[in-house]
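Place chain B on chain A using the hints.
If you read the protein sequences in the order shown, they are chains A and B.
In terms of my numbering, the first sequence opens at residue 4 and continues consecutively.
In terms of my numbering, the second sequence opens at residue -7 and continues consecutively.
Here are the computed lysine-lysine pairs in the DSS-like style, where the Cα-Cα straight-line distance is at most 30 Å:
id, chain 1, residue 1, chain 2, residue 2
1, A, K279, B, K106
2, A, K181, A, K279
3, A, K279, A, K90
4, A, K276, B, K106
5, A, K181, A, K90
6, B, K188, B, K106
Across the chosen pairs, the derived CB separations fall in these ranges:
id, chain 1, residue 1, chain 2, residue 2, range
7, B, L193, A, N235, 50 to 56 Å
8, A, P149, B, N102, 53 to 59 Å
9, A, A48, B, L70, 42 to 48 Å
10, A, K64, B, L193, 47 to 53 Å
11, A, K279, B, Q71, 49 to 55 Å
12, B, L193, A, Y13, 21 to 27 Å
13, B, Q41, A, A277, 50 to 56 Å
14, B, E236, A, E138, 28 to 34 Å
To be clear about the criterion: a stretch of chain A counts as covered by chain B if any three or more of its residues have a C-beta under 8 Å from a C-beta of chain B, and this derived list gives those stretches:
id, segment
15, 19 to 26
16, 131 to 140
17, 226 to 234
18, 259 to 272
Read the hints as simulated data drawn from the structure, not as lab findings.
Since the structure is predicted, the reported quantities are computational estimates derived from the model, not experimental observations.
Glycine included, C-beta positions come from ideal geometry on N, C-alpha and C.
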Amino acid sequence: MTNNRSWIPYLLILPSVAFLALLFIVPLVQTIWLAFSDNGLPSSANAQRMMADINFTRSIKNTFLLTIAVVPVQLAIALAMGTMVAKVGRGRETILWVWTIPLGISDLAAGLVWLSILQNSGYFNSLLLGLGVIERQASWLSYQTPVALFFAIAVAEIWRGTAIVMVIIVAGLNQVPKEFKEAAEIFGAGPWTRFWRITLPLIRPALQSALILRTVLAFEVFAVVYALGGRNFPVLVGEAYNWQNQNQNYGVAAAYAVLIMIISLAATLIYLKAIKVDPERLP
Amino acid sequence: MSAQITSTANPEGFVSSRRWLLWSGIAALCAWVLVPIYLVALGALGGRQGVYQWPKTGLPTGISLDPFILFLKTEGVLQSFLNSLGAAGITVALSILLGAPAGYALARYNFHGKDSYRLLVLLTRAFPLAILALPLTVSFIKLGLYDTIIGVGLIHTVLALPFAALVTQGIFMGVPRELEEAAWVFGCTRVQAFFKIVAPLALPGIVATAVFAFVISWNEVFAASVLTVRNRTLTAYLLTVLSESPMHYRFAGGLMLILPSVVFIFAVRRYLFAIWGISSK
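Pulled out of the complex, with its shape left as it was, chain A reads as follows (with noise of 0.2 Å):
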């Protein structure tokens, strides 16, 4: 806007850049020393230390198959109720309220809401038993049950963390001009044709950040598999408190936060690549 006082921008953002660089660059400088040096030397005894644990493959194992499960449902879920709520008129701005709800509850609360349905006389296994499927109360959440607990993990975190997804595909498509579907329409593209030819490839950039956004979150799954699952389920960020709280030990703590960062960056980086989005061909 103005040239003449070009200071005023920088002295605008300066106190956020100082703050970013206190608290996010330097413990991020030092989480990495931590996980690579042993009383002031470099070293890998720690990520050694980290893969000898018991539960470091299973952890691993863990937190990727509960990403590769629940990312892609809420994408589905989202691109569902986006599609459903651009056709309502009146009433559209409670259903978008109801769909957000989710957004304000934290993972360890959605932990403890799927614990009162999943518990052993909780309301699943009452359905079930009404049915006739059960005869006695069955467990869903001990470690005997891996599968089962698996699921139910995955649910809850598909139930809480489905609303920023919705978001942000809410929003994507409401950038798309309503010109290009009805031109297809007239063209005789039917709904499945217009949805994957000229709907999806528009939302790009939300598909984009709503994957990256999701995934790093996924990544960092800790508290609803603690509430559901107490440590019969390990994961990444999990093992990180369990080795900074229970064995005080920095660390192997930091080695952990070192992978899960490693891990999230490059999910980052493929999305980037995978999705191109062409600022050029933006709606």
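Frame of chain A, contents of chain B only:
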């Protein structure tokens, strides 16, 4: 629009069955969100008997506020509730104070380093930020911030600040630049113009941003658990007592976590929809 086109192009029965399918889909997804919350509320208000009642009916029988009040009176609960409010308050104040000026700069000025700043903000999104609590424990112990609500508030601000900067940028871009320029013409200084013209217009959006920062802090578990021992937030408190507490206490804790943020999001839903750009058709 598309509904009108299909209704003229198709037989009437087909249209109404599609309408029916649409609304049952919407109803099913609404129930998917709401029913679990209703059930945890039953669990929280049903007390010990409610938890072990078998089989359960899903109807509100034998519920009262007493079990929930008993939970509130448990040692540590009220204090951790207040701690959560305190940490969230610090997060809201800091992320608006630091984030809103940055958002204004991004919205109104072109300057060298703008893209680098955006990159810095986006970078924070790609990292599991709560993990930063690990090295910060060491620094916070040195600074005397360990096990304090201020320490928790600071790390929660790292989570909320990038969000606040990006969202307030959108809000300030929505305030017409001409109004501000007109104020300068009529003799206002930049600072006066900002506080008399821009701030009032941007206020609702900033309030919505503040609420979202509140919810981010209110819900965060990992950093709060790592950085505190005695002054725990509600989430950190619940996490540490989780395995020892009876089921109905856990459900009461879950309900207590859910209620404030749901009420807050309800209060500002209109502005939230506006800043996300999802309300207009």
